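Undergrad: Using my numbering, you'd call the opening residue of the sequence shown number 7 and step up by one each time.
Be a bit skeptical, because a hint or two may be false.
For lysine-lysine, the following DSS-like pairs were computed, each having C-alpha atoms within a straight-line distance of at most 27 Å [stated by the list, open to error]:
| no. | residue 1 | residue 2 |
| --- | --- | --- |
| 1 | Lys108 | Lys97 |
| 2 | Lys159 | Lys55 |
| 3 | Lys92 | Lys159 |
| 4 | Lys56 | Lys34 |
| 5 | Lys56 | Lys159 |
| 6 | Lys159 | Lys169 |
| 7 | Lys108 | Lys159 |
| 8 | Lys108 | Lys169 |
| 9 | Lys169 | Lys97 |
| 10 | Lys55 | Lys92 |
| 11 | Lys92 | Lys34 |
| 12 | Lys34 | Lys159 |
| 13 | Lys159 | Lys97 |
| 14 | Lys56 | Lys97 |
| 15 | Lys92 | Lys108 |
| 16 | Lys169 | Lys34 |
Just so you know, the hints here were simulated from the structure itself, not pulled from any lab data.
Since this is a predicted model, take the numbers as computed values, not measurements.
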Amino acid sequence: MSQYDLVVIGAGSGGVRAARMAASFGAKVAVIEDRYLGGTCVNVGCVPKKLYVFGSGFSETIEDAQGYGWNVINHGFDWSRLRDNKIQEIKRLNGIYDRLLKGSGAELIDGRGTIVDANTVRVGHRVLHTQRILIATGGWPRQPDMPGIELTKTSNEIFDLEKLP
């Protein structure tokens, strides 16, 4: 049985920030995450979207460059390279979140936190007792039960398609 001042469920931007701040004031902190560090923005939201939008702007720039003296031969687009580079950038950012958390002294626990009562959280077989619990789980897309839903993609899948749509 472990004792903490604060247990944070969720390691997105908000949960990580709260954990780091509490730890910086001397609190014993545990952060529980069952997916990925950085939350929606880093993994399936802002970051991949901005990388894709930025990458999409080069098509016109390359074509315009010829008029300014640039020799542009064989320009083309490789979706899998962009997607794979996006994955590497997200892994890099996940590593930064991991180092920031560990550097703050907070303990990162891989798993799904279940609140047992006002001062107890269970992660697998582990029981954590705490003065405070912060729920920072963020959101998750939900697909309604309707005809044709199998043809759709949520924001969680759209950035990792095998082929360019």
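Undergrad: State for each hint whether it applies.
TA: Each hint, compared with the structure:
| no. | hint | verdict |
| --- | --- | --- |
| 1 | Lys108 with Lys97 | holds (16 Å) |
| 2 | Lys159 with Lys55 | holds (15 Å) |
| 3 | Lys92 with Lys159 | holds (18 Å) |
| 4 | Lys56 with Lys34 | violated (36 Å) |
| 5 | Lys56 with Lys159 | holds (18 Å) |
| 6 | Lys159 with Lys169 | holds (13 Å) |
| 7 | Lys108 with Lys159 | violated (34 Å) |
| 8 | Lys108 with Lys169 | violated (37 Å) |
| 9 | Lys169 with Lys97 | holds (21 Å) |
| 10 | Lys55 with Lys92 | holds (10 Å) |
| 11 | Lys92 with Lys34 | violated (34 Å) |
| 12 | Lys34 with Lys159 | violated (40 Å) |
| 13 | Lys159 with Lys97 | holds (22 Å) |
| 14 | Lys56 with Lys97 | holds (16 Å) |
| 15 | Lys92 with Lys108 | holds (24 Å) |
| 16 | Lys169 with Lys34 | violated (46 Å) |
Checked against the numbered hints above, the structure breaks hints 4, 7, 8, 11, 12, 16 and satisfies the rest.
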